[in-house]
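Colleague: If you read the sequences in order, they're chains A and B.
Count along the first sequence starting at 1, add 809, and that's the number in the working numbering.
Count along the second sequence starting at 1, add 809, and that's the number in the working numbering.
Simulated from the structure, these hints should not be mistaken for lab results.
Take the hints with a grain of salt, since some may be wrong.
According to the in silico footprint, chain A covers these stretches of chain B (three or more CB under 8 Å from chain A) [said to hold, decoys possible]:
| no. | segment |
| --- | --- |
| 1 | 1051–1063 |
| 2 | 1106–1114 |
Keeping only pairs whose Cα atoms sit at most 27 Å apart, straight-line, the calculated DSSO-like set for lysine-lysine is [to be verified]:
| no. | chain 1 | residue 1 | chain 2 | residue 2 |
| --- | --- | --- | --- | --- |
| 3 | B | Lys821 | A | Lys922 |
| 4 | A | Lys1095 | B | Lys1146 |
| 5 | A | Lys1102 | B | Lys922 |
| 6 | A | Lys821 | B | Lys1078 |
| 7 | B | Lys833 | A | Lys1095 |
| 8 | A | Lys1159 | A | Lys1095 |
| 9 | B | Lys811 | A | Lys913 |
| 10 | A | Lys922 | B | Lys1058 |
| 11 | A | Lys922 | B | Lys872 |
| 12 | A | Lys1078 | B | Lys1108 |
| 13 | B | Lys1058 | B | Lys1102 |
| 14 | A | Lys1041 | A | Lys1078 |
| 15 | B | Lys913 | A | Lys1102 |
| 16 | A | Lys1108 | B | Lys1058 |
| 17 | A | Lys1108 | B | Lys922 |
| 18 | B | Lys946 | B | Lys1078 |
| 19 | A | Lys913 | B | Lys872 |
| 20 | A | Lys811 | B | Lys922 |
| 21 | A | Lys964 | A | Lys821 |
| 22 | A | Lys833 | B | Lys1078 |
| 23 | A | Lys1108 | B | Lys1095 |
| 24 | B | Lys821 | A | Lys913 |
| 25 | B | Lys833 | B | Lys872 |
| 26 | A | Lys1041 | A | Lys1012 |
| 27 | A | Lys1078 | B | Lys821 |
| 28 | B | Lys922 | A | Lys922 |
| 29 | B | Lys1035 | B | Lys849 |
| 30 | A | Lys1108 | B | Lys1034 |
| 31 | B | Lys946 | A | Lys913 |
| 32 | B | Lys922 | B | Lys1058 |
| 33 | A | Lys811 | A | Lys872 |
| 34 | A | Lys1078 | B | Lys1159 |
These numbers come from a predicted model, not from an experiment.
Ideal placement from N, C-alpha and C gives every residue a C-beta, glycine not left out.
There are 2 protein chains.
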Amino acid sequence: MKFTINREEFLKGIMNAGRVTQNKVDPILSNLKLDLFEDKLTITASNGTLTIVTSIPAISNEKENIRNITEGSTLVSGRILTEIIRRLEGNEVYFEVLDDSLAKIESDNSSFKIGAMRSEEYRDLDLSIDGIKVELKASELTDAVNQVAFCASEKSSRPILAAVNLECNSQVLTFTATDGARLGRKELAVTNTEMFSVNVPSKSLSEVIKTITNEDTVNLYISDKKVVFEFKDTILVTTLIFGDYPNVKNIIPRNFYYFLEVNANEFLKAIEMGAITSNERENVVKVIMEEGKVSITSKSQQNGSSDIRLDLFRYTGERLEMSFNCDFVSTAIRSLKCQDVLISFVGEMKPFTVTNNNDGSVIQLITPVRTY
Amino acid sequence: MKFTINREEFLKGIMNAGRVTQNKVDPILSNLKLDLFEDKLTITASNGTLTIVTSIPAISNEKENIRNITEGSTLVSGRILTEIIRRLEGNEVYFEVLDDSLAKIESDNSSFKIGAMRSEEYRDLDLSIDGIKVELKASELTDAVNQVAFCASEKSSRPILAAVNLECNSQVLTFTATDGARLGRKELAVTNTEMFSVNVPSKSLSEVIKTITNEDTVNLYISDKKVVFEFKDTILVTTLIFGDYPNVKNIIPRNFYYFLEVNANEFLKAIEMGAITSNERENVVKVIMEEGKVSITSKSQQNGSSDIRLDLFRYTGERLEMSFNCDFVSTAIRSLKCQDVLISFVGEMKPFTVTNNNDGSVIQLITPVRTY
């Protein structure tokens, strides 16, 4: 295997792929697999859960990316290869597998020999593109993941809560994530009529949206064992988390009796300021709402007490006090990315929702904290 | 004690001082001491080694900084006070000590009550300004510390190596620091004729230069037990490290037989590129020099081997190979901040110097590493 490649294209490819390598569970996955066949270089990387396969065509848009091609495959350390290609300064890089255990990399005045392995040593991965196809705008998928994925929990004793549930029903694709104390839900209109429900690792989704920042559309292929994300010269394949996702349909209240409409920025500043005197580990603030007056307060033996009055708000309902985790509410508000936020309450100690008045497709549900 | 203060001036003062608070050794030092007397607010903070005292005059440049003054003193948590003042939005802040255990802070719609202590609880500190006075340009002091302090070592079993030695002799003030494997030395011309030698904690010097970024001159007051740095409305006082500083005078070679002149940028890139394949923990590269050819190489079982040829250099001497810690040399070169660097060698396994051809006041000395 040998080739001469445009350094920038090569770097883009290995950096894109290199993000999902890992070294902890299985050392073989610290490598990138390079396959040079049929006039393209394919780079494969995996962390065991998420796999990325990205290709650099020898010629694209009449530009020659790769020349001097002798076909072949190899495995090389993702970290070392990236470090070398990143630091080299020439326009082109020459890569050659000398034997099954050594690869040579050259550019301008610099020459490296690094360890290589036979590509057969790599983990066997199911990368077939099959299942129900769902076409999404890249921006829609990104928004959905950003508005929901942070509610998933890696730390729970229930592994299923590390997933975002993707459920399709009546041409609506619903993203749901919860850690037990908060829940995020986002609905996207799709043309699909198939029904499915899969639990996608939240971390895989977060990686996927990092790779699609410049894309228009992404095709998802949903099957029982995996989800494939496909765009341009790249596919990402994630395994699923098996098990039934908790039934959260009845958790979201239907009727509310207290409504607080606030300016997102002012409210964020106020609760974060109010939280300064909260117990550091809990970060709990209390909002005291009555007609014409809303204030935020926190109190702890250690740090003192605060009292922050809101300027911009509309409150409808009887007097109500509500204590909550400041981080949960501020993350929820920020994820909505809107100017005005509606917070709707059922009553004391009942979960409340944080929503955007102009966009009913996303709901953030938060469980209050009991304070004494 | 109560006062109304310009928020920005207050924030600047407590942030400047707050950097040196600490909580680990002595919890009382996590506080800021506020003293409001004689038409100025004095803020004191200390980490036990370095103490900063900065003042905000009630009126400066015809601008009223503090009004509504009732004199007094108090201790409040540096972290909480800074967090509150940083997040408040009004132009002015009202501060009042309610009793010996509580202080009130108000601005616009926000009100806080935080814990306070009697200022008598604070640690007794010797903040008298006495000793030999040395006047330095702030930029000179900053350069000297930046070029030398990184050679000191917190980790050595010899506490004295955590110091920068300041020695005055024949109107030359010499800064020296060494960790045993490298040494930095900088000479400054001064008008003083007194002789002294003191060991100033390297960390204290690094903090001092962070506070003088906007100053013209700094006055140092050197005595047996402490060094005072004075400028404008601020003094910093550091304790010293006792003991004799190692005699390093004879370590710096007088005669050299091999000379490598390089472009700093190209050489930095080359050694950092060469180090990619070094053993990760050791980060050692070898420079192979002969007339007309200089190359950098490293080799490890784990990462492979490199061979980087230099383009821009002038080498005088017989063939020489020299292995060294890449970080030591790159830190030394960067500290010189010059375009061309001269590296002078005595011979194999002998310490070598890294210097700026146009500035003899600073020398970096580095011990090579034995490789097999």
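Colleague: Measure nothing beyond the straight line between the CA atoms of Lys1108/A and Lys1034/B; if it is 27 Å or shorter, mark the hint as holding.
Modeller: violated (44 Å)
Colleague: Is the Cα-Cα distance between Lys1078/A and Lys1159/B 27 Å or less?
Modeller: violated (60 Å)
Colleague: Taken at face value, is the distance from the CA of Lys872/B to the CA of Lys833/B at most 27 Å?
Modeller: violated (39 Å)
Colleague: Please work out if Lys1095/A and Lys1146/B have their alpha carbons no farther apart than 27 Å.
Modeller: Violated, at about 53 Å.
Colleague: So if I understand the rule, the pair passes when the alpha-carbon distance is 27 Å or less; does Lys946/B with Lys1078/B pass?
Modeller: violated (33 Å)
Colleague: Does Lys1041/A pair with Lys1012/A here, judged by a C-alpha cut-off of 27 Å?
Modeller: Cα-Cα ~22 Å, so holds.
Colleague: Between Lys1041/A and Lys1078/A, does the CA-CA distance stay at or below 27 Å?
Modeller: At roughly 41 Å apart (the allowed maximum being 27 Å), Lys1078/A and Lys1041/A break the hint.
Colleague: For the pair supplied as a hint, Lys922/A and Lys1058/B, is the alpha-carbon distance within the 27 Å limit?
Modeller: violated (43 Å)
Colleague: Are there three or more residues in the segment 1106–1114 of chain B whose C-beta lies within less than 8 Å of some C-beta in chain A?
Modeller: holds (count 4)
Colleague: CA of Lys1058/B to CA of Lys1102/B, is that 27 Å or under?
Modeller: Answer violated: Lys1058/B to Lys1102/B is near 34 Å, above 27 Å.
Colleague: For the pair supplied as a hint, Lys811/A and Lys922/B, is the alpha-carbon distance within the 27 Å limit?
Modeller: violated (70 Å)
Colleague: Does Lys1078/B sit within 27 Å of Lys833/A, going by the straight-line distance between their CA atoms?
Modeller: Since the Cα atoms of Lys833/A and Lys1078/B sit roughly 30 Å apart, the hinted pair is violated (cutoff 27 Å).
Of the numbered hints listed earlier, those contradicted by the structure are 1, 3, 4, 7, 9, 10, 11, 12, 13, 14, 16, 18, 19, 20, 21, 22, 23, 24, 25, 28, 30, 31, 32, 34.
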